[in-house]
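**Student:** Go ahead and model the full structure; you've got the sequences and the hints to work with.
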Amino acid sequence: MATITQRTGAEFTRVLGVGAYRPERLVTNDEIVGPIDSSDEWIQERSGIKTRRFARPDETMLDMAEAAAREAIANSGIDPSLIDGVLVGSVTHHLFTPAAAPMLADRLGLDKPAAIDIAAACAGYCFGIGLASDMIRSGDASHVLVIGAEKLTDVLDLTDRGSAFIFGDGAGAAVVGPSDHVGIGPTIWGSDGSGWESIRQVGEGHQADPKITMAGQSVFRWAVWSMAPVALQAVEAAGLTPDDIDVFIPHQANTRIIDAMVKQMKLPEHVKVARDIVDMANTSAASVPLAAERMIREGQAKSGDIALQIGFGAGLAYAAQVIEIP
Numbered sequence: 079m080a081t082i083t084q085r086t087g088a089e090f091t092r093v094l095g096v097g098a099y100r101p102e103r104l105v106t107n108d109e110i111v112g113p114i115d116s117s118d119e120w121i122q123e124r125s126g127i128k129t130r131r132f133a134r135p136d137e138t139m140l141d142m143a144e145a146a147a148r149e150a151i152a153n154s155g156i157d158p159s160l161i162d163g164v165l166v167g168s169v170t171h172h173l174f175t176p177a178a179a180p181m182l183a184d185r186l187g188l189d190k191p192a193a194i195d196i197a198a199a200c201a202g203y204c205f206g207i208g209l210a211s212d213m214i215r216s217g218d219a220s221h222v223l224v225i226g227a228e229k230l231t232d233v234l235d236l237t238d239r240g241s242a243f244i245f246g247d248g249a250g251a252a253v254v255g256p257s258d259h260v261g262i263g264p265t266i267w268g269s270d271g272s273g274w275e276s277i278r279q280v281g282e283g284h285q286a287d288p289k290i291t292m293a294g295q296s297v298f299r300w301a302v303w304s305m306a307p308v309a310l311q312a313v314e315a316a317g318l319t320p321d322d323i324d325v326f327i328p329h330q331a332n333t334r335i336i337d338a339m340v341k342q343m344k345l346p347e348h349v350k351v352a353r354d355i356v357d358m359a360n361t362s363a364a365s366v367p368l369a370a371e372r373m374i375r376e377g378q379a380k381s382g383d384i385a386l387q388i389g390f391g392a393g394l395a396y397a398a399q400v401i402e403i404p
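The C-terminal residue of the sequence shown carries number 404 in the working numbering, and the numbering is unbroken.
Mixed in with the good hints, there may be bad ones.
[What the hints assert, rightly or not] Restraint ranges, calculated between C-beta atoms of paired labels, are given here:
(1) D118 <-> G87: 47 to 53 Å
(2) R375 <-> T175: 31 to 37 Å
(3) L160 <-> T106: 39 to 45 Å
Please keep in mind that the hints were generated in silico from the structure rather than gathered at the bench.
Remember, it's a predicted structure, so these values are computed and weren't measured experimentally.
For every residue, glycine included, the Cβ atom is placed at its ideal position computed from N, Cα and C.
**Tutor:** In structure tokens form, the structure reads like this:
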């Protein structure tokens with residue numbers, strides 16, 4: 079009988095570089111409040127959001143993904159020809175098919191990489207980091223580009239009091255590659271499909287002008303009480319304790335959710351906590367890499383720091399892992 083062989087790859091992996099793209103147009107709460115009969119004070123108290131970025135009408139999710147990807151590749155210091163995997167986390171690609179990933183790979187001039195989209199909404203980027211690490215360790219890829227990119231204004235109902243003020247546009251990216259030490263811990267991921275109606279698209283297909291809706295209170299309770307334990311599991315799986323964490327980069331859903339998670343997890347005071355949501359709002363799959371890039375750029379996260387990151391949202395899907403800051 080013939081014997082099937084399997085490949086093995088690098089023993090360890092790490093994030094080599096990150097990049098981000100933030101659209102030029104800054105949108106204040108005062109521009110949002112009219113149609114939803116609200117106020118700047120109400121929005122800040124409810125979500126912590128002061129501003130968000132809206133992409134230009136002619137600017138696609140793919141355009142933003144490309145900009146973030148190019149910066150991540152440049153910051154990684156590797157030759158782009160080494161990239162043989164592309165993973166795009168997004169729920170706002172303007173086409174049902176083909177996927178954004180192969181189109182992005184073509185724009186970047188990459189040579190026939192494995193390229194797929196991850197439709198895990200706000201968890202998409204963290205799913206991608208876990209998959210990229212596994213691809214490299216299995217020998218199925220040597221370097222993987224992971225992107226979280228969203229143009230949520232394409233599916234945003236600016237008259238919906240429950241969601242109009244929450245979302246924004248943007249893209250973040252990372253290059254994952256082999257390492258001589260552990261730079262990415264095990265990924266704790268999963269889903270609770272029984273809650274699929276909590277965050278969803280209303281309208282069948284792009285032709286019906288679909289809009290996103292969210293049951294804010296049920297999502298809040300799920301995020302606080304279910305996601306804090308998941309984040310702690312990721313720390314434990316990496317062989318660490320909360321005292322070992324330098325940086326916490328949660329999905330930027332709501333400052334109240336972030337504060338409640340920090341409290342539930344009993345994170346030490348020395349841990350720097352990402353709060354990119356204040357200026358960027360909730361950018362779904364882009365929120366974790368955007369927050370990471372900002373912390374690195376502003377010096378809140380230093381090379382070699384240990385970061386705990388978690389994405390969670392529609393599905394209800396979630397993924398968390400500990401990484402070393404590049």
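**Student:** Between L160 and T106, does the C-beta distance stay in 39 to 45 Å?
**Tutor:** 42 Å, holds
**Student:** May I ask you to test the hint 31 to 37 Å on the CB atoms belonging to R375 and T175?
**Tutor:** 35 Å, holds
**Student:** Could you check the hint for me, namely that D118 and G87 are 47 to 53 Å apart, CB to CB?
**Tutor:** Roughly 51 Å apart at Cβ, these two residues keep to the hinted range, so it holds.
Going through the hint list in order, the structure satisfies each hint without exception.
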